[in-house]
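*Asks:* Listed here are the chains, written in short residue letters.
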Amino acid sequence: MAQILSHPILRRLASVPPAYYVFGLLLLTLWLARPNMLNPNVLGIFIRQVVPLGILVLGQLLVMRVRSIDLSGGGVILLINYIITSKTFPEASGLTFILMALAIGGSVGLLNGYMIAKRRVSAVIVTLAVSIILVGFVQFLSSGKPPGDVPKYMNEIFNISLGVVPLPVLFWVACAGVMWLVTQQSVYGRYVEAVGENPEAAAFSGVPVERTVVLAHVLAGLIAAVAALVQTGSIAVGSVRVGLDLPILAVAATILGGVVFGRGEGGVWGPFFGVLSFSMLFVVMTVFGVGDPGRLIAQGLIILMAAILYGWRSKRG
Amino acid sequence: MITWLRSGFSTRRSRHGLWGVPLVIAVGLTVVLTFGTDQFATRENLFNLVAKAMPLLIAAIGQLFVILVGGLDLSVGSVISFSTAILSLDGPAVLMIPAVFVLAGLVGLINGLVITRLNVHPIIATLAMQYILLGITRILRPVSGGEVPGIVIAAVQGNFLGLPLPVFWGLFAIGLAAKILYGSRYGLHLFAIGGGVAAGMDDAARNYGIRVERNIVLAYVACSLFAALAGVFLAGRIVSGDPNVGLLFELDAITAVAIGGTQLSGGVGSVHGTVLGAIIMVLLANGMNMASISPFLQTAIKGGLLLAIVGLQSRKKMGL
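Those protein sequence lines, which keep their order, are chains S and Y.
Heads up: the first sequence runs through residues 1 to 317, numbered per our numbering.
Heads up: the second sequence runs through residues 1 to 320, numbered per our numbering.
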């Protein structure tokens, strides 16, 4: 058995991020169950739904590659959504909103990064606590009631389509391309890889470990702000529950995409397909009439399976 | 006695952690609430507080076990909701009450095995479990309702020797945990495992012949069993099953443990500190209620408290 498992071909297959297999499998399921759903128009709409998640994942994969995690994205999305829809700033233009969103995302990221890299606090606890603070604060401001309407122009931008490809999807692919360039081509990308592979070795080699981690969190915060703007464009009315499960889905998609905790492994396109897998999963579950509980179980199982697969691989290292 | 008291204020002296600080805070809060408000030092309010504190106290004591070995259990809240859902299934009490503990033990066993044998990070494993169990709970009981066996309700609501029954639940949990952690070889081994993990030497305890994997698995089982006990208690209090009653409970439990001077990196912590942490959380909530602070804002303040407490604990490792 052990010999079969260590066969080169099998090892090669096992090193492909599970996202590709899951995506293929779900696509096959959909093709067998509902072949008529597999046309570009329908798929475009479905994929458009997961663009906020897809953008959030780009930040998540960065922090997970430096052995950290960011669960504060839900709070960031909620706060930005609230500010835009609550008419707290009635005169604000689109550009002002974008700047405000980036300021919020950047400062939350900076706080996360400072606590995690400088104070050495557990990343899960810090980012969960930050998320709870933000969510509690927004619910306090809104007394738990939906704030108001999303500005028309945001919905209009979100609904633009170039041929069959929706604009948000193009934007997502472009963002992923930029992230790919950053991780593969820049000096900072090398630092990220070094810290993820072995923080001690990186520190001894002169890599500014703490600064790399702080910057990863600031970037993740800024990316969460962008995800918040897209998410806001995707809904007509503001909500006090929007985006709350996105961070954990982002973690799941990132693990599915081949990024390993405690190892600087994994690219940008694996998690990209991880998100696409989730989009397919939602379609398949809708098709088969699986409700909210089934969705929770499926999410948990996918996180667990992906983590087990990688635990098994890294143990054999 | 004096040395013991002094150890509560020193970071180096004791494996029990900084429990003197929460002691001062708890006493301070009690004094402020007693003399600052009329409603605090009344019989009803105090009895009510004890009942309110118990689920948190019991869950926090369970969480202490896994935190001592440098782990974390985020599935506690789901186990609590799951327990109330099972109890409200309308079965006979002799069957349902053992079932709750068997199933919770199974959840802990799966958590522990996935973490130790399959090499999954505790936070990821228990987070996944949180989702799976929440899903199962919502299938069993989509909305709150159902009826809890009468014996559970009777065991929670009522008095004995002039004290409310919840007090005895707390004493039982505290006594059991203290016996296991301070009075058994297993407890000593937990401290040894966690001490090694906190110092960055995961194999330290193994090199002394301690069966690390098995002990860690048992810690997760213990955590889930305490969570189930908290769930049974809560079911008796709300008299029905509720799929959302345990939501975010794990974070309250972690906050209570951390406030009590236990190091989240492992190896340093105490039962009495954890009890003090839970008391502080409940006193704060009571004080904020009397000052009529919005419950939403209270959630935010609790988050800030957690952030501040963990920010004061430095550890060696960076990241998760």
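Please keep in mind that the hints were generated in silico from the structure rather than gathered at the bench.
Misleading hints may appear alongside valid ones.
Stated by the list, open to error - Distance windows between CB atoms, simulated: (1) Y:G28 / S:F46: 53 to 59 Å; (2) S:S143 / Y:G28: 30 to 36 Å; (3) S:L244 / Y:L297: 16 to 22 Å; (4) Y:V27 / S:F46: 54 to 60 Å; (5) S:A33 / Y:N289: 49 to 55 Å; (6) Y:R15 / S:T29: 49 to 55 Å; (7) S:L301 / Y:D90: 25 to 31 Å; (8) Y:N207 / S:S143: 53 to 59 Å; (9) Y:R214 / S:R211: 52 to 58 Å; (10) Y:F172 / S:R241: 37 to 43 Å; (11) S:G291 / Y:G91: 20 to 26 Å.
Because the structure is a prediction, the values reported are computed rather than measured.
Where a beta carbon is used, it is the ideal one built from N, C-alpha and C, also for glycine.
*Asks:* With reference to the structure, classify each hint as holding or not holding.
*Replies:* Each hint, compared with the structure:
1. Y:G28 / S:F46: 53 to 59 Å: holds (56 Å)
2. S:S143 / Y:G28: 30 to 36 Å: At roughly 32 Å between Cβ atoms, G28 (chain Y) and S143 (chain S) fall inside 30 to 36 Å, so the hint holds.
3. S:L244 / Y:L297: 16 to 22 Å: holds (18 Å)
4. Y:V27 / S:F46: 54 to 60 Å: holds (58 Å)
5. S:A33 / Y:N289: 49 to 55 Å: holds (52 Å)
6. Y:R15 / S:T29: 49 to 55 Å: For T29 (chain S) against R15 (chain Y), whose Cβ atoms are near 53 Å apart, the range 49 to 55 Å holds.
7. S:L301 / Y:D90: 25 to 31 Å: holds (29 Å)
8. Y:N207 / S:S143: 53 to 59 Å: Hint holds: Cβ distance 57 Å, inside 53 to 59 Å.
9. Y:R214 / S:R211: 52 to 58 Å: violated (41 Å)
10. Y:F172 / S:R241: 37 to 43 Å: holds (38 Å)
11. S:G291 / Y:G91: 20 to 26 Å: holds (24 Å)
In the structure shown, a violation is registered for the earlier hint numbered 9 alone.
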